[in-house]
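The residues making up each chain are set out below.
2 protein chains.
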Amino acid sequence: MSRIEAPRDEDTETTGSLRDRLLTGLPAEAVLTDPDVTASYANDMASFCDAGTPAVVVLPRTVEQVQHVMRVATELRVPVVPQGARTGLSGAANASDGCVVLSLVKMDRILEINPVDRIAVVEPGVVNAALSRAVGEHGLYYPPDPSSWETCTIGGNIGTASGGLCCVKYGVTAEYVLGLDVVLADGRLMSTGRRTAKGVAGYDLTRLFVGSEGSLGIVVRAVLALKPQPPAQLVLAAEFASARAACDAVCRIMEGGHVPSLLELMDRTTVKAVNDLAHMGLPETTEALLLAAFDTHDPAADLALVGALCEAAGATQVVPAEDAAESELLLQARRLSLTALEAVKGTTMIDDVCVPRSRLGDMLDGIERVAEKYALTIGVCAHAGDGNTHPTVCFDAADPDESRRARESFDEIMALGLELGGTITGEHGVGVLKKEWLAREIGPVGLEMQRAIKTAFDPLGLLNPGKLF
Amino acid sequence: MSRIEAPRDEDTETTGSLRDRLLTGLPAEAVLTDPDVTASYANDMASFCDAGTPAVVVLPRTVEQVQHVMRVATELRVPVVPQGARTGLSGAANASDGCVVLSLVKMDRILEINPVDRIAVVEPGVVNAALSRAVGEHGLYYPPDPSSWETCTIGGNIGTASGGLCCVKYGVTAEYVLGLDVVLADGRLMSTGRRTAKGVAGYDLTRLFVGSEGSLGIVVRAVLALKPQPPAQLVLAAEFASARAACDAVCRIMEGGHVPSLLELMDRTTVKAVNDLAHMGLPETTEALLLAAFDTHDPAADLALVGALCEAAGATQVVPAEDAAESELLLQARRLSLTALEAVKGTTMIDDVCVPRSRLGDMLDGIERVAEKYALTIGVCAHAGDGNTHPTVCFDAADPDESRRARESFDEIMALGLELGGTITGEHGVGVLKKEWLAREIGPVGLEMQRAIKTAFDPLGLLNPGKLF
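Protein chains in written order, with my numbering: chain E, 1 to 469; chain Y, 470 to 938.
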């Protein structure tokens, strides 16, 4: 897919005509062209990702308005970059020069919550936490919980196939998307999937859109599967004298047939960063802190079994939370990890390599070697139960040499992940950040078929050009 | 996708040349051309589905041999119909005239079972029950359990995205396929997905292949997710004076936040058919028998709660099984349903309409009206917890008028399912049987995009032509 070049020769005139055409189907307040304003829509939260200057930002409120935007874009051959809350970490929502930024945040209605069918029907701009709370009032549970859940949108979650802390038991966003309404590149509306529990009528286009980073169509409505709300989870913290011992505990827990609702790891760098930021009083002498939780009917009994496995793996200390409040404090510490690591040197590159959990120890040892080699601080927090690590390179962006080393170490970590049978991205996506690496992971035949699908849906290459491949 | 016409003018000569080319990369015993033998590979188990006469049946044992078959097919422009155990119910595995039937049953090795990573790596010809038993020896569980599980293959399960009795708690085959090796139409090998718990590197091609009925490529290896083996399930049987009351119980159970491992319905026709066939002593006075099961740590407690909900919905009798043996008998009765209904009049058409479970009562009432209108016996068994009904039209295939009415009633049931917000197929697939109905369900835009994907993967239209659309 060659990158679409936006018209450049007569920028102002072109933008003017684009704006005029957009205004034939959108109210004035939904079409932003003030450069100071539109510039603020240029980036998501990824480091080291190029972003262009949008020509226009549109904020539609209806499906018809989205269709209008895509029809105008097709007519004028203008690229369109769909956006949610821009909390992504791969540059997938970054603007292209001269593009229309299509922000879905104003389409934020929860259209239906059905406790018998266990589904919710939502617009893409609904914030994850807002949905979670709304379904909770019906005794229901929408599991996917990315760290940004208080601000990120369901549309963004679908676009990047987001994960979170819940995945070890409940899986990722993809597993909760039953059906979609999608506006195609040419403005036509297509429905995929179903609102039933099962369905196999034709190719699974729903799943194809999940994780497609806005490159195949614009999701304007989603039917989401819900689960019954489980009991509150109880958390245990186990300290280890080495990351490898903690990883060994993870393997023993999973091999033992346990189904924790959370199984997270924070290394010493991360623990210290969280303490520095939030004075949480986490144990700083530990090399690795493992958090395990159960949301079963007798979580204390499950934690006792898992605590024993941690001790067998060499845990120096095992502390089960006494109650929900203590559990929540431990979760807060984990959720603060990335923010805390960012405070270490001002900038971070957050990697997202997922390896088979049996290789997690090798991965963590390898990351330590990379940190030494490049003389960098790399903190690791991980969804350990999934083998999904977030090695986070902390660096001073004002220091060119350190920045170069950060980028190189980041790449070396991905190479290590592939070597261990893993993937370059467990849940953050490819975006701009990992384009070259996608090709390395899936190989030339896979890449060719990915591009063929892109061409089938978006022959003019207007939808989020320059992302993925 | 226009149907590929196989060379017809000089059938014998063409088949001879095809056979010779195949034999350059396959041993003689893997290439069958005796018409009596090849004819036995013409059909799966669906009624009313056209099947052609294969030119050759090949039984490869290696990935390289499958690649060879596809290269020859591409070179000679011969259609290829992939097959597993041919237990499918939609004609998806039916031969085309002059095709190569590519049977994967000899590729039946379980390559790996990994209890830490909770995965199995298998060839496509592995029988579902063989995998289930093998992983069971490691304390692991492969949930998908179609009725044909003792004979059907994992490759066939992937091709049709099979379900089973477990889905209400554990979901369908699609949710257990992490990665695939696929031989493309031109013989190239492509890997999709991963062996990690999570991964979002590019479009989800794995999921695209699941349920694609062999029309996009040949699955030659699969990485499957496993779960820890749950405790043995305990089953309860509840009798109702009307199907609607049983459906009301299903809604109350699901609305109440329960997570049964099985929630099945058999109507009076089905119960009687099972008794007639197997003398199981099921209660024949009931209009609907509901089976609920739990595989939790205290299933009796869960069954007590669900039994009370059944009584509140009007159950005339609620009988929990006392032990595993009684539970297994009830499951056997349910598993015999389709076979038993086939014995009623000699032939059946088994439908597979799935509706939102809140509409299950409307669906069953509607099916009864259809049976009356066409003066037919239509037995219904259903994965009630999923809203997935199998209305089974019993008829005498030697009676042309009854056969016509059977086909018309079958279509009317699908129309009813769509009207109630459902899908024409919950787990059996589209194949030949429901081609026209796929178009009605997904509409012209959806159909166009499905065809575009088919063309992207199989530009010559060689893979299982004439299926799906």
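Among the clues, some could well be false.
Computed beta-carbon distance windows for the label pairs [to be verified]:
no., chain 1, residue 1, chain 2, residue 2, range
1, Y, Val788, E, Leu305, 50 to 56 Å
2, E, Ala278, Y, Lys696, 32 to 38 Å
3, E, Ala324, Y, Ala598, 40 to 46 Å
4, Y, Asp865, E, Glu75, 24 to 30 Å
5, Y, Ala598, E, Pro231, 31 to 37 Å
6, E, Pro231, Y, Glu780, 38 to 44 Å
7, E, Asp50, Y, Gly890, 27 to 33 Å
So the derived list for chain E, only partly shown, Cβ under 7 Å to chain Y, looks like this [claimed, not checked]:
no., residue
8, Ser132
9, Gly139
10, Asp204
11, Leu208
12, Met254
13, Pro356
14, Gly361
15, Asn388
16, Gln450
No lab work stands behind these hints: they were computed from the structure. The beta carbon of each residue, even a glycine, is placed where N, CA and C say it ideally should be.
Against the structure, the hints come out as follows:
1. Hint check: Val788/Y to Leu305/E, Cβ distance near 34 Å, so the stated range 50 to 56 Å is violated.
2. For the pair Ala278/E and Lys696/Y, the supplied restraint of 32 to 38 Å holds, since their beta-carbon distance comes to about 36 Å.
3. A C-beta distance of roughly 43 Å is found between Ala324/E and Ala598/Y, which places it inside the suggested range of 40 to 46 Å.
4. The beta-carbon spacing between Asp865/Y and Glu75/E, approximately 60 Å, falls outside the hinted interval of 24 to 30 Å.
5. Taking the beta carbon of each, Ala598/Y and Pro231/E are about 35 Å apart, inside 31 to 37 Å as hinted.
6. Look at Pro231/E against Glu780/Y: about 26 Å separates their beta carbons, and that is not inside 38 to 44 Å.
7. For the pair Asp50/E and Gly890/Y, the supplied restraint of 27 to 33 Å is violated, since their beta-carbon distance comes to about 45 Å.
8. Restraint check, Ser132/E versus chain Y: the minimum CB separation of about 16 Å is more than 7 Å; hint violated.
9. Residue-level restraint check for Gly139/E holds (minimum Cβ-Cβ distance to chain Y is 6 Å; threshold 7 Å).
10. Given the 7 Å rule on beta carbons, the hint for Asp204/E holds: about 5 Å separates it from the nearest Cβ of chain Y.
11. Hint status for Leu208/E: holds, given a least beta-carbon distance of 6 Å to chain Y, under 7 Å.
12. Interface restraint check for Met254/E: the shortest CB-CB distance to chain Y comes to about 6 Å, inside 7 Å, so the restraint holds.
13. Annotation: interface hint on Pro356/E holds; nearest CB of chain Y at approximately 5 Å, less than 7 Å.
14. Annotation: interface hint on Gly361/E violated; nearest CB of chain Y at approximately 11 Å, more than 7 Å.
15. At its closest, the beta carbon of Asn388/E sits 5 Å from a beta carbon of chain Y; the interface hint therefore holds under the 7 Å criterion.
16. Given hint, Gln450/E at the interface with chain Y, holds; its Cβ is 5 Å from that chain's nearest Cβ, closer than 7 Å.
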